[in-house]
Structure formats: C-alpha cells, structure tokens
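Since the structure of chain A is already known, use the hints to place chain B on it.
First to last, the sequence lines map onto chains A and B. Mapped onto my numbering, the consecutive letters of the first sequence carry residue numbers 1 to 221. Mapped onto my numbering, the consecutive letters of the second sequence carry residue numbers 1 to 190.
It should be emphasised that the hints constitute simulated quantities derived from the structure, not laboratory data. Please note: incorrect hints may appear among the correct ones.
Listed below are the simulated DSSO-like cross-link pairs for lysine-lysine, each with C-alpha atoms no more than 30 Å apart in a straight line [what the hints assert, rightly or not]: (1) K36(A) with K57(B); (2) K169(B) with K172(A); (3) K25(B) with K198(A); (4) K137(B) with K172(A); (5) K27(A) with K12(B); (6) K64(A) with K57(B); (7) K53(B) with K64(A); (8) K172(A) with K162(B); (9) K140(A) with K129(A); (10) K172(A) with K144(B); (11) K175(A) with K12(B); (12) K70(B) with K172(A); (13) K12(B) with K198(A); (14) K64(A) with K169(B); (15) K75(B) with K127(B); (16) K53(B) with K101(B); (17) K175(A) with K101(B); (18) K198(A) with K162(B); (19) K127(B) with K144(B); (20) K53(B) with K67(A); (21) K118(B) with K70(B); (22) K171(B) with K144(B); (23) K75(B) with K57(B); (24) K144(B) with K118(B); (25) K169(B) with K127(B); (26) K45(A) with K137(B); (27) K25(B) with K53(B); (28) K172(A) with K57(B); (29) K64(A) with K12(B); (30) K25(B) with K12(B).
Non-contacting residues of chain A with respect to chain B, defined by C-beta distances greater than 12 Å in every case (computed) [unchecked claim]: (31) D47; (32) Q132; (33) S167; (34) S211.
Quick reminder that beta carbons are idealized off the backbone N, C-alpha and C, glycines included.
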Amino acid sequence: MSDISNLIEEDSDNDGEAMTAAEVLQKLEEAWLNEKFAPDLLENKSDIVDCMMDQLQEMENNIKLAKRGDFKVSLHRMEIDRIRFIISSYLRRRLEKVERFAVCVLEAEEKRDDEEASRLTPEEHQYAKDYQESVEMHMKNLALRHMPPNSQKMDPNLTTIRPNVDSYVFLKVNKHQEGVLVEEESSDAGEEVLDLVKGDQHIIRYRPISSLVENGSVTLM
Amino acid sequence: MDPSEVEFLAEKELIRVVPNFSQDKIYLIGGEIGPFNPGLQIDIPLWMALNLKQRQKCRILPPDWMDVEKLEEIKQNEHDSKYFTEMPSQHYMEITQLLLKQAISDIPQADVIRTLVKDIWDLRVAKLRSSIDTFIKSDTTHAKLNFLTLMEINTVRPFLTKSLDQMHKLKTNLHGGDMGNSTIESQSQD
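Chain B on its own, in the form it takes in the complex:
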C-alpha cells in the first residue's frame, strides 16, 4: 500500500475547526455536515478541513493529543514500556504531518510537536524492527500486533510479508518434498 493511500484513509478522521463563513447543512454521501456558523466550532473530516483551510475559510483546532505535555507523557510511556502502547489516534503520524504542513499557523509550538511526534515514531519503529527480528528468528508462524498504527504496519509490510512467505515455502518444501512442478506460485504483491 502506498503511504499516500494510508494518508487517504487518515483524512477521514474528524477534526475540529472554526469556520469564518456560514452555510447550512450539507448532505454528503458519507453523512451530514454542518451547519456552519462563523466562530462556532464544528467537527468535520480532515480532507474537508484542509481544503477549507487552504481557501482561508476556517481555523483548525489541533486535536487534544497534539499538545506538548500530552505528547511528552506518551513518549515517556512508549519509552518505558517493553510493548507497544496505545496511541491517541490510529493516524497520529499522518494527521501530524498534514497539519504541520498545511495548517502550521494554527498549531501552537509546532516545532516542539514535530520533534516529539518524530521521537515517538522513531521509538516505535525501532521496537518494531527488533521485535520483527526476534519474530523471524523464532520461527513462529503468526503474531499479534495490537496498538500498531496502519502507517507503521505499512512501513514494514513488504519486508515482513515477503520474508514470512519465503520461510513458509522453505518449511513446507522441507516436509512435503516435491509437491509436483505443477503449480507455479505467484509472488505476492502488496
């Protein structure tokens, strides 16, 4: 899966904005939004919020977790825990990237936030790498990965799936002997 597709999914998340225009209810295929009143907060999907922001029609409010203290706490938890901790949003990375790129003026202490989120990401990906290492060496055939976000999973997807596929092939050939040349297995793709 392409990272931009992961971002596409992340853009469905709701985010709070303060519009500067008024508009009555909109009936989208995916649900109703609105009405918009200037100065009143409203929750809308991220894709819509970014578009409105670009057209200078609203101000974006950072999500509750996008706050220096909260992120420091999350980072500390992630650091202390041997396992993966639950993230405040399944799309924390994508949301941070998008907001810091397109709505940076609405995010207080943007640089600190950027660094903190990056640190959290690095911690988790490092944990992921070492647990993958253990996983593959231990010859287990399946694993539980709760609390991993889609972006993180997507980052390791090609390596992890392909190497497990290869290991499975080697294992079954060891026991099954020649299964006949009849079927040519295809390479699995993303």
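Just chain A, same shape as in the assembly:
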C-alpha cells in the first residue's frame, strides 16, 4: 500500500539535521530515561519531541487514508501508542519537576544570561509562573493572612525545595571518559578520580556526572 510507505521515504528534515526517524526515536528514549532518573530538570528536548509529534501526526493521517487493510493499520497503531507513552511520560516527569521545584526553576531562569539556552520550554515557563502564583495565593488565603502581622510573609530562603543533586543514580557509559572527578578532596578522603569505560554500568552521585548526562556521554538507567 503506497499510502503508508510514502511516509518514511522522505527524509525527516529536522532543522537541516539529517537524522532518520529511528534515530530521533532513539534519542527520545534516552531523553526519557535521563529525565526520569535525574533529580534535576534537564535541558528541554523540544526539538526531538516536536519532530516525533510530527511523525506521529503524519502516521495517523496515513492510517486514516489506508483502506480496510486492518493489518498494517493495527501494527502502526501499536507503534504510535508506544511512542505516545514515551512522550507523555517524559513530559509528565518534567512537569512534576517544574511543580516541585517551581521557585528554584524560576530563579534559575531569572539568573541565566541571554546566550544560554533555557531549560524550560516557553509553555513550561508560563506554567511555572502560574503555578507559583497559585501556590502563594493559596498559602496567603489559607493561612498567612490569619497570622500575626510580622509573620505574614514566607521567607523563600527557608521554604524553597531544591533538587537533591547529590542523590545516587545508576548510569551506563556511552563514550569513554577518562579522569572523572568523583569525590572532592575532603578531610578524610582524598579526591577520587574514575575512568569511565564504554559499556560499563555504575552507581554514583548525580552531581559529578551531571555534565556527562547533558552531553550524552552517559545515560541514566
């Protein structure tokens, strides 16, 4: 049936990067796993998500056009459902982090310079602002306005919840890395440096390897 096969014959143009749809899918899965296990909000991968959403849309359209060849349609549909699951889970996890760390996230957004890319998508940014306002309003109406006058403000320094960047994660190594500083010099332990060999799996604190996650040399598992 040529209608459906027309789909992948074209290059999936992705800002001029010639990545096949399969490669984008692979990257999406990695982004999903990394976001799932990282304690902190990672860089947003909206280009990958958007590309995948386009692919899904095209595939859905093609299926509609297909005749009652029930067969291919059900297989495509299953794949679509699987990909949708990954995308939803990824976005949900990000939103969960935006909600929990709303104050932190907005702070970081204020502090960054214009050249640095934002970790939030514009929608997430708006969501964070709205969420933060709602929570503050809620606190004020529920409790703060009934407090004695000098206790009516909440000190952000005392109340913000920050991600625990020292939490332990499992990772697998994609690219060989030498000399990763794992532990700082401290009073009873010297500094520890680790070589990461491709294919190894480790359990380690997130903080020392967070830059490796961002650049793709390791994937969380």
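Relative to the frame of chain A, chain B by itself:
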C-alpha cells in the same frame, strides 16, 4: 521505575518468528519490517511478535539462549563465579516471562526453562543482596555494576539509592557542620 516500564523497554528486543500470512514491507517510524512470507523466518520486535501470536498469525521461535543445556551452563557459570557473569540477553527475565505467558506452546520444555531461569535469577539476586550489604558497610561512595540487567537493578533501586543518599547526608553533615537551614533537600524519587 515500574517493572512494567522495564518490560516495555524489553519489548523492543528483536525475536524470530514464522508468520503464516504474507505482507509487504511495513515502514514503521522506528524502522522497516518485512516483507512477511508464510513459512519464512523473520526478525521482528517482541511487542509485535506477541501481538501477532495473540492473533494467531505467527509462531514464535525461542531465542538461542532459551535452551535447556545453554541455560544449565549459564546457571553453572553464575554459580561458580564470585562476580556477575554476562547474561545472554540484557532482558532475559522479561523475555522469558513474556514468552512463557503468551507463547508457551512454542517453547519446548517450558517448565524446565521456567525453573532454570528462575534459579539463575535467584542466584544473581542473592549475590546482589550480599554485595550490597558489603558495599554499604564498607562506606564506599560508588560502584561498578557491569553485567547486571535492568530488571535486577530496578529491583534494588529504591533501597540502594535511598540508603546511599542517607549515608551521604550523614557524612556531609558530619564534616560540614550546619550548612544553614536554608535549603530543604527534597527526597529523591524514582
């Protein structure tokens, strides 16, 4: 991570089937599959194979390692070695579970296979438990876990990560003293 999510990842593995229908090439987003010809073997992802099996459109061929002799050898190696040995598939547990549930008629000596795989799993998880015990008591701050499969890692994930987190907190508080009440650390979740 939920075990069903680990299974979701395992379902991407390719497996050999013999279809009883014919179909030309399918162009999935993840790659091309096919063409299908009745009686000719073809490799397809596990999720697709299970679905086709359910609709009685194919017969599943067990993977090479899902064989009584091979598994006995693997079990023996695992038993003899102090460390973890490499498993024939990163998803041996999930694949075995899925095939024995949904395609049991295609697996020769299914019961023996079920027992062998379970024994291998038990051996490895017991090793894992005792090495975790040593690891935590020894106060080391990181470890290498090659050859462990995702399902095994996922089984110990909550305990291991949380206890290491707590130990780290205790250690840093011991040295840093009061870091100020300013930041409330969140509990890390899965």
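Evaluation of the provided hints:
no., hint, in the structure
1, K36(A) with K57(B), "36 Å, violated"
2, K169(B) with K172(A), "25 Å, holds"
3, K25(B) with K198(A), "35 Å, violated"
4, K137(B) with K172(A), "24 Å, holds"
5, K27(A) with K12(B), "15 Å, holds"
6, K64(A) with K57(B), "24 Å, holds"
7, K53(B) with K64(A), "25 Å, holds"
8, K172(A) with K162(B), "19 Å, holds"
9, K140(A) with K129(A), "16 Å, holds"
10, K172(A) with K144(B), "10 Å, holds"
11, K175(A) with K12(B), "23 Å, holds"
12, K70(B) with K172(A), "27 Å, holds"
13, K12(B) with K198(A), "22 Å, holds"
14, K64(A) with K169(B), "56 Å, violated"
15, K75(B) with K127(B), "13 Å, holds"
16, K53(B) with K101(B), "11 Å, holds"
17, K175(A) with K101(B), "37 Å, violated"
18, K198(A) with K162(B), "26 Å, holds"
19, K127(B) with K144(B), "14 Å, holds"
20, K53(B) with K67(A), "24 Å, holds"
21, K118(B) with K70(B), "14 Å, holds"
22, K171(B) with K144(B), "21 Å, holds"
23, K75(B) with K57(B), "34 Å, violated"
24, K144(B) with K118(B), "24 Å, holds"
25, K169(B) with K127(B), "27 Å, holds"
26, K45(A) with K137(B), "40 Å, violated"
27, K25(B) with K53(B), "19 Å, holds"
28, K172(A) with K57(B), "37 Å, violated"
29, K64(A) with K12(B), "26 Å, holds"
30, K25(B) with K12(B), "19 Å, holds"
31, D47, "16 Å, holds"
32, Q132, "16 Å, holds"
33, S167, "4 Å, violated"
34, S211, "16 Å, holds"
Of the numbered hints listed earlier, those contradicted by the structure are 1, 3, 14, 17, 23, 26, 28 and 33.
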